[in-house]
Structures are given as structure tokens and as C-alpha cells.
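Mind docking chain P on chain F? Use the hints.
Number of protein chains: 2
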Amino acid sequence: MPLGQRAGDKSDSRYCGVEVLDFPAGEELPAVLSHSLSSAFDFLLAPLVDPDYRPSPGAVLPVAASDLVLGPSQWSSHIVGKISEWIDLDSEDEQLRLDSEVTLKQEIAWASHLSLQACVLPPPKRSSCANYARVVNHILQGLTNMHLWLRIPLEKSEPMDEDHDEAKSSSIMSDTVDSWEWWNSFRLLCEHSSQLCVALDVLSTLPSMNSLGRWFGEPVRAAIIQTNAFLTNARGYPCLSKRHQKLLTGFFNHSVQVIISGKSNHNVSQVGVLSGDENHTEDTAVRHALSPYLDYIAYIYQRMDPLPEQERFEINYRDFLQSPLQPLMDNLEAQTYETFEKDTVKYTQYQRAIAKALVDRVSDDEVSTTKTVLMVVGAGRGPLVRASLQAAEETGRKLKVYAVEKNPNAVITLHSLIKLEGWESLVTIISSDMRCWDAPEKADILVSELLGSFGDNELSPECLDGAQRFLKPDGISIPSSYTSFIEPITASKLHNDIKAHKDIAHFETAYVVKLHRVARLAPTQSVFTFDHPNPSPNANNQRYTKLKFEIPADTGSCLVHGFAGYFDAVLYKDVHLGIEPNTATPNMFSWFPIFFPLRKPIHVPLKSPIEVHFWRCCAATKVWYEWAVTAPSPSPIHNSNGRSYWVGL
Amino acid sequence: MPLGQRAGDKSDSRYCGVEVLDFPAGEELPAVLSHSLSSAFDFLLAPLVDPDYRPSPGAVLPVAASDLVLGPSQWSSHIVGKISEWIDLDSEDEQLRLDSEVTLKQEIAWASHLSLQACVLPPPKRSSCANYARVVNHILQGLTNMHLWLRIPLEKSEPMDEDHDEAKSSSIMSDTVDSWEWWNSFRLLCEHSSQLCVALDVLSTLPSMNSLGRWFGEPVRAAIIQTNAFLTNARGYPCLSKRHQKLLTGFFNHSVQVIISGKSNHNVSQVGVLSGDENHTEDTAVRHALSPYLDYIAYIYQRMDPLPEQERFEINYRDFLQSPLQPLMDNLEAQTYETFEKDTVKYTQYQRAIAKALVDRVSDDEVSTTKTVLMVVGAGRGPLVRASLQAAEETGRKLKVYAVEKNPNAVITLHSLIKLEGWESLVTIISSDMRCWDAPEKADILVSELLGSFGDNELSPECLDGAQRFLKPDGISIPSSYTSFIEPITASKLHNDIKAHKDIAHFETAYVVKLHRVARLAPTQSVFTFDHPNPSPNANNQRYTKLKFEIPADTGSCLVHGFAGYFDAVLYKDVHLGIEPNTATPNMFSWFPIFFPLRKPIHVPLKSPIEVHFWRCCAATKVWYEWAVTAPSPSPIHNSNGRSYWVGL
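Chains as they are written, first to last, in the UniProt record's numbering: chain F, 1 to 649; chain P, 1 to 649.
No wet-lab data here; the hints were simulated from the structure.
None of these values were measured; they are calculated from a predicted model.
Just so you know, not all the hints are guaranteed correct.
Intra- or inter-copy, both count: the list cannot distinguish identical chains.
What the hints assert, rightly or not - In silico lysine to aspartate or glutamate, EDC-like type, Cα no more than 20 Å apart, as pairs:
hint	residue 1	residue 2
1	Lys-442	Asp-360
2	Lys-263	Glu-421
3	Lys-600	Glu-191
4	Lys-502	Glu-191
5	Lys-246	Asp-9
6	Lys-514	Asp-319
7	Lys-419	Glu-550
8	Lys-371	Glu-424
9	Lys-499	Glu-191
10	Lys-600	Asp-503
11	Lys-398	Asp-365
12	Lys-400	Asp-503
In isolation and in its complexed conformation, chain F is listed as follows (with noise of 0.2 Å):
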């Protein structure tokens, strides 16, 4: 039974389960499973196999319940095996390292024909563990559907503070366990696997917040809860501590599963069910042991704010590459104009931007004298034009416009809402690529919105120089300019699906997702600044920026998959429209963050600083991003010669 309904919440977060802890022999499965769906368990953590049972010739395999036992959907819905704990791969002992050998590929072959979803591995018994990743990486290579999710404790010791000897602090540093490092050897060695997931144990202490934050872009499928991580409240019952609760509801926004473990520390439960009827002692009206644990979890679920609807209407665009628009080569679709024109924040503060610039263009007395021309360059189906028409009418100041729109299907739809609203004598449509088109007059102000989610990349610096020949010399351009900004982030999901087209194009291409399972490693920076007019002769739009990350040292080590980037634009003034998180307009949903993955994720060991570099690039017909990372380790650098991604003049 699901924790809890929350609008548009689909994801897997909602299934709890609970850890088998003793081998259930002699077929108790089905009793066990009954037991926990009718206290509200959705699935068993179960082991499979008799932790007693050691390969040898000709042994049948003791495991917990025939196939029979349960339903083909039973085994597949409700059970997560879990693989024997002796198991350990590294053993000095070689008869040890080859018997468990053996077992895994045993028992990972039975669950297979389960068809279980997936099994929990049991966690590495030492830091080295390349034989233990060598045979589950064996066995992902022949596996179809189901997953392994590698058992992680969730610890770190927190590293000395600065102000200690430095030779001191390296010598303990070495002593310091931070289990990221486990998964991050066993992933690098398993060549990430998109089935090899984690599933980490909650423990009673927690590390650092910005180390939890690594594990938000990772394949975390399952945080197992240890009953002894929770607290007791004033009435007995079990409860978590507030970083407990932020990181709980960090997993339930992150589709991350709950399975609660251990022995019940809260004699609660019995109580519950005893003071109801006191004749309900067998069957399903014995409560689970664990149940008060399973009430707390889903009082957090049930807690938590409802899903913003942007957000909903979002949700199917988590971590899903696209391809950046092509908006100079390509015409937009009639459905893509659709879309952005919803974005009402967007024209508000357009609106706003282009008021503030005519009062400031024509004072009061002038008002009845002064006719403005303002010039929207890439007019599309017409929403700028109505803002700009709008802020005329709220200053009262007369306004001619032009509304130049390269795309002719687009110019149809302007044309029919200039009739439509009576604007013919305000609004005159020219049909042209504002590059080469030959302006009667010269404007006042030059409105525009040729942004992309990284700024400058669908060639808005290209475009407005083209199109400020026709600005007067003191003329406005709304946006009066625009910047760029990156963070390293954790992107295993991303990386996994670009990975999947095999080819190195894809890894030097730079795409426009909504991120979600990603962790934010530093704060961003700017990376490049546009500003319109650009009164220099010789102005290139040629860019290179170096910038340096220092990720907290509180965070560990990590892996960077890639650079998230965001952009911000000053509309006029104090008028600014962006996506860069620490500024964000809020409410505006045209802009999706930009992704410049690389084609090997880079280790960052702690205190390492990231150095990247970032070029724009321009020739004749085109404009291109590459970029490389030099510290702490040299990537290639990506996209040279903007051979794998690149937007059209």
C-alpha cells in the first residue's frame, strides 16, 4: 500500500519495504510476505539462499521458497532478493573468494529466474574490491532486466579542520572513510553500468548535508532505514531527527525507495492493536514488528508539500536530453510558439522592461509630441509586440512598431492577429531575416528575445549585431545584455544515456534538460557577458573563459559528469529575466538548464580545485561551444572545431 497520495507524484518513492533479516526456511516466505502487505508494506528485502549453504558438486541450491510458492507478479512485485552476506570476493582466503564466487553467480541466476526486479549486493568488506566488482561485472553483462543495487553504508568522517598541522591532517587523512569512494571504484571498474544502482544504509549519524547532496546524482534506488537511526518522541513513538527528515524527503523527491531494517526498538506496535480489540491476536491483526516505524515514514511522505503544478506539468521532463533549437537554420513549429507564448512571466517583465525604457525615453511633456519606434526583432506569432503595445498604453506614450520575423509561416499568424486586435495603423509586419533587412528609419528601441538556455547560444549576439545598424546611436536594445553560468554537477543518469549512443558526437554535444537526479557541486560563475548595443568597431563574438570550482570540503571527493548551465538577462535596468537558480524569475517555464556533458566524468579528489575552460567559437556559417578541463586532471577538449555540435548562422 503506497505511503500516501500526492498530485502527480508517480514515481517509486511511494513503495516502502521492509528487510527479511533471518533466513525464512522451511517456505515461511508466503507467510511473511501476507504478513507484511496486510501491515502496509509494499515489498520484502528477502534472501534467497541459506546464508549456511557453500557450493559443492552436485549441491541443489537451498533456496528460501520454490518458484512455486508465490505468483510470477508476486516475485516480481513484491520481493528485492538479497545476496548472501558471507559472500566476500576479496578474501585473502582463495577457497573463500572462489566459493563465493560461485554463490553470487549462483544466486544472482535464481533470482533472474524469479524475474525479481532487482537484488541488493551485499556491501564491500574492505576499500579494495576489484575482484567483487570483476564478477558483478561479469554478471552484468549477461543480465537483461534486473538490477544489482550495491549496499552502501552511508558514512564519511568529517575532515580535520584547516587550522590543524597540515602533515598531521594528511596522515589522518588516510584513516578517513567515506564509503562514496566504495561505490564511486566499484562503478568506475563496473565502467557504470546502467544497472548497477546503490542502496544505501541509514545509519543513526548522518554525514555533512553537502556530502548527502552527492548521492542526489546517483543511482540511489532504495535507502534502507535502520530502525536504530530513529529517535523516540515524548508519546514512545519512533521518530527521526530533522536532518534525518530533510534527507528522507530528499529521497522521496528523488524516487528513491525506503525499505525500513533492524529490530524494533519502539514496543509501540502491540499497543496500537491490543487497545482496539483484545481478542485479535493471530493472523493479520498481530501487527508487524515494525510497523510504528512504516506510520513515521509515511507521516513524512504524507507531510510534504504538494508538487508545484509546474513542477507536474514538468515531471515527464526529468533528466531528458534534447537537442537545443536551431531557431536561425530551422522554423519554429505553430506548437513550439504555442508553448512559449504561455510563459506569462517572461512577457510581464518585458513589459515592465519596455515601460521603464519609454518613460525614460520620453518624458511627460513630450508625451503628445514624441512618437517612439520600437523595433521587435524576431517577432514570432506577436506576443512582444503586445507587450510593447501594452507598456505604450500603461505610460501613455505613442508608439510605432516594426515587427520583423524571419519565418513566414509565423508572419501569416502576425498578420491576422494585427487584424484581429485593430493594430494596423501601430504594428507594421516585415517579413525579413533582421540581418539583411533594409530598415526605413531607425528605432529608439530594439526589443528582442532570441535567448537560449545558455544565453548567447541560439546566436542572439549574432542576430542584434546584425540588427543594430538600425538603432539610432543612442538607441536602447531590450535585453541591453545577457550572461552565462555554469556549476560542475553529478549526472550519472545523463551520462548513462549519452553513453548509450556509443559514439563520442554525443558526449561533445551540449543539451537542454530539466535537471532532477543531478547533485550541484559548487556555486556557479559567469562565464560569458553580451552587451547590445556593442558600439566597437572591431567587437567579436568570439569568447574564452577560465574558471575555477572549489567544491566545499565538507563534501568529499566526487565525480563530475559534466557543467550545468544557466543564463541571465538585464531586460533594462533593474529589469533582469533569467534561470541562473540563485536568481531565477520565478514562474517562468521557457528555459530549461543546458548540459555540456564530458566524455569521461572526472574524479575530483578532495580539496581539488576544477579548472575548465569554455570557447565560443565563429566562422563563417557557424558558432560553437568547445570546452576542456584541465585541473585536476586534463580532459581532450570537447567539440573541436565545433565537429560534433554547433548552431547555423
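Leaving out everything else, chain P in the frame of chain F:
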């Protein structure tokens, strides 16, 4: 004029160039060239463009000489282009950066137009050279034949003593210079382009031999020896220190050309000529100012030992990757037998081992009464049969030989041999796979030669396990054991050759290769050992070994492209056979080393150990290796499940 004649050596290192320091303005280039050629230099390293030039619209590139002043073959054989040294692509000054980019592209385009074989790029002006690398990378994408040699000064400050305070040394560390690091990040950014090479500037002081050794695995094409790196001998002539001489010999042996550069510090040239004929003061008769240096370089070249005959025979195999044999699945060709049979050293060792075993087996008293049963398993065309019979004759022991061979074509030759030699009464030929032959009696001695470059890689263990059924319980196997060895190496040439296949499979294959342009980074360590006969009933031939290599601290950091593999076999008691460099049997040519590549070369920082894992895996129809590095950073597990490379049973 080449430095000298050296039998068998046809490499570029016979040619010596001279750097032209001043811009040969006014089309002086032909005169400079002709003077240098007549002074026995082979080529010039010459500036192509006036160093005062800065790009401006419409400007014509002020080149040193029109393409017409030299013939096409003169340009390509005698001129290496020197790119302007003022170029600084990582300057803080944007205009200088932009000018540098334009000029660099123009100069390279001009050099391409002249069909030069190579241009020397000026050394990076700072350790951070990402923009320089980006522009060079652009150029490399479009370059067809020409190579670019990045000029790198050969410098490395030595690490502090271990005794020093840790904290102190770590702060000093950041000041240490290691120009190899510049090269390394440059080539990583340029993705190991095979057209990007190195020209080393050899200065008066040299870093440690270990750190110099790294360069022999890199694509060094030229060593530019500065005149002030020379000393002066008792007679006033230039000479080099012992360490410089050793380095120079190393360069000659690795096809590195020498270029002499700098002002003359030794005023002997005029003296030498003037003493002959005082009237010769003009034209070609004026000796080149750097001739004394060239004379010395030629002296060092001519003084080198001639290439041994075996080296000359193998010269065309240097760094040439071959797939290992599949002797079980495929039958060898006559030519292969022919080659191997010529390796007399190998058969002499076998004969010695067999003789010792015969003497141990049959005391002098029993010589006349006891006949030893010896089986040659994998007899091929008979060389081991001959060695066995010679050992019997030498020791006076009676012998009955069974020659077991699975290749029916070799069996034909074997029959002719027996007839030709009159061995019919001594030798029984068995046309069968040793693994399934039903022997009529048991052997005293089992002789085999089934070893590959990595010992067990041609499945000697599996074959001998199959054959030991017909060995007497106290019987002797020759060989009685063999061990494989590996060492980490830098081998950029091999890496690039594998990369050219553009797939993962070639990076997960082991190759037989005569290693030449490689740097051996740490002493070899043993990997797997197999003993024969193997009495254990549960024995299996799977193996797992974890090794840790420490690079000597004075080497500095380095790049590991993979592991060189060798074997050593104990034939009988103290008689061994092998190619492990420290114990290799001299003058044996049957085996080249084996090379296990890494998909992505691993950068090993100073003082970081390399941890590597090797597995030998066995299944019903095949045997294969897997390998992975886990420190300093984890690699993927190579060749999982033998998907790319395996040996068929």
C-alpha cells in the same frame, strides 16, 4: 650528409639539423641552406615568417622566402618550420591571444603549402596552456601529412629528500618544475593526436636518468642541443658530459634527430680551416660556425656499437603489434615452424634440461638395463625430438620417444624427419591432441614447449593437465614450472596504433610486440606461476593477482599506457628459459614481449603507487585474461568475460 653509416640502422637519427636563430630576411634562406648543407648539416630549423609581423586586415604574410626560391623537394627534405616564438595563446592580453591565434594558423597554413614535413611549435610560456592546446588541436584536425613538434625544455627540478619535513616539502612541491607535465597536459587536451610530437631542448644541466627515461616512451622526434650544453675538452674542442653522451646515444637508438642550436662558444672552426688554406675565406669554404659541434655529434654517432645481428633482423618488428598465436585452435604454418626451429639457443637449453633429467632418472649403473620413456607433447616438426635424442646420446641413456602432435600437416614432416634420420626404432609418432590421446604406457619424462610470451597464454597449463594422465607418478615434466611477469610502461606509439582502430575491443586485447619506443617505469613483478605435474585433484588454472608498483621518486609523474608482459620457465632444476628482462636467456628470438594496453592511459602522480589486478579466467571453451587498475584511479575492468580477447581451448 648523414652522421655516419651504422649497419642495419636506417632511422632518422642519422640526420642532424641546425637551428637558424635570426630571421633570414630578404630571401637569404637559399644561401643559409646551401652553406649549412655544404657544412654537412642535413636540414634547417628555420623561421618562416618575420617575427615583427602582427596580423592586420589585408596584410600579406611576410614570409622568409617565396615558395619558388627552393624546389619542392628541398622544402620538404631540408626545412623544418619554426613557428614564431612571440606567439602566446594563454596571455592575459586578449589582443595578443587573438593575434597569436591568427598568426599561428597562417604560419602553419604556409608551412603546409610548402609541404614541410614538420613545424616546431614554440614552448608553452606557462604551465596553463589550454588555449594554446585548443588552437593546435583545431589545426591538427585539418592537417594531413605535416607533423607538429611541440618544443619542450628538458627540465625537472629534483624532489626534496624524504627526510625533510612533510609539510615543508608539500609546499615546495608546487614550485617544482617538470616540463614533462606540460607535454602531458598538452597532449591529453589534444587527445593523443598522432601528429603531435615533441622536440626536446637539451640544456646544460640534465634531470635524473629515471626522469629522462620517461621520454623514450613519448613521440620525441628531435633533440635540440644547445651549444652551451657543451663542455670544452683539453684541446679546446666542444664535447659533452658523460650523462649527455648517454642521453644522446639513447636518442640515436630511438630514432630521434639532433638539431644543434645557439651561438658558437668554441672558436675552433676558423682555426681548423684557416690552417689548411688561407685564401679560402669566402663561399662554402667558410666553415659553418657550428661545425665543431656537428663533428662531435657525428663522432658520438659513429662511436656507437653496431646493431647486433638479432636486433637488425628484428628491426622491422619494433613496436609493431601482432595478435598472439592461437596454437590450439589454429594449426601453425610451415613458415612459423621454420622460424621457431632456427632458435638454437632454445633447443640447447631443452637438451641440457633433458640431459640432467635423464641422468637423475637413470643412474650410471642402470644405463644398459633401463630405457626411459620420453614423450614430446606438441612435437611440431621435431626439434624437441632431436634435442631429446641428442641428450640421450650425450648422456648414454637409452630412450624411447613418443612424439605427439595434433597438427596433421606437421605430422607429415615428422614422418619424413624420422625416416631421413633413421630414427624409426627410437621414435613413435602419434597424430593426436595430447588432451585426448590414450597412451599405451606411462612416461618418465614429458617434454613440451607450449609457452607463449606470457608463459601460460598459449594454454600450456590446460594442455599439460590433460597430458599428465600418462606421466608416471614420479615422472618429470620439462618445463617443471613457468611464471609470468609484468611492468608498467609508457608507450604512446602503441597507444596510438591501437586507438586508430576506433573500438574498445582492440584496447582489451593483448599483443605480441617487440617493445622499442617505450619507457619502463618500475621493475617487473611476477603474476602467475604454474607447476607441472600438478598433483592436486582440485587444481584449477584460474588465477587472481593484485600487484603494487612503486615508481622511483626521481622519475616524476608519468603516464602508463599499459603493461609489458614476459615469462620465465624452469625447464629442469637450474636450467631455465625466458624473456623476463633481468634474467632473459641471451640470443633467443622465439618470443617478443606481450603488451596489455589500457583503454585510457593512467596518469600517475609523483609518489603514487600503481595498483593493478590480473585475472586468468577459464570457461568450457576458452581462457582469457581480465585486467584493471585501481590506483591511483580506477580503470574499467578490461575484457570482461573475455568479450574482446580470448584463447580457444
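Hints and how they fare:
no. : hint              : verdict
1   : Lys-442 - Asp-360 : within (18 Å within a copy, 109 Å between copies)
2   : Lys-263 - Glu-421 : neither (71 Å within a copy, 83 Å between copies)
3   : Lys-600 - Glu-191 : both (11 Å within a copy, 12 Å between copies)
4   : Lys-502 - Glu-191 : both (13 Å within a copy, 18 Å between copies)
5   : Lys-246 - Asp-9   : within (18 Å within a copy, 72 Å between copies)
6   : Lys-514 - Asp-319 : within (5 Å within a copy, 49 Å between copies)
7   : Lys-419 - Glu-550 : neither (56 Å within a copy, 80 Å between copies)
8   : Lys-371 - Glu-424 : within (16 Å within a copy, 119 Å between copies)
9   : Lys-499 - Glu-191 : both (10 Å within a copy, 19 Å between copies)
10  : Lys-600 - Asp-503 : both (12 Å within a copy, 16 Å between copies)
11  : Lys-398 - Asp-365 : within (13 Å within a copy, 128 Å between copies)
12  : Lys-400 - Asp-503 : neither (52 Å within a copy, 61 Å between copies)
Of the numbered hints stated above, those contradicted by the structure are hints 2, 7, 12, listed in ascending order.
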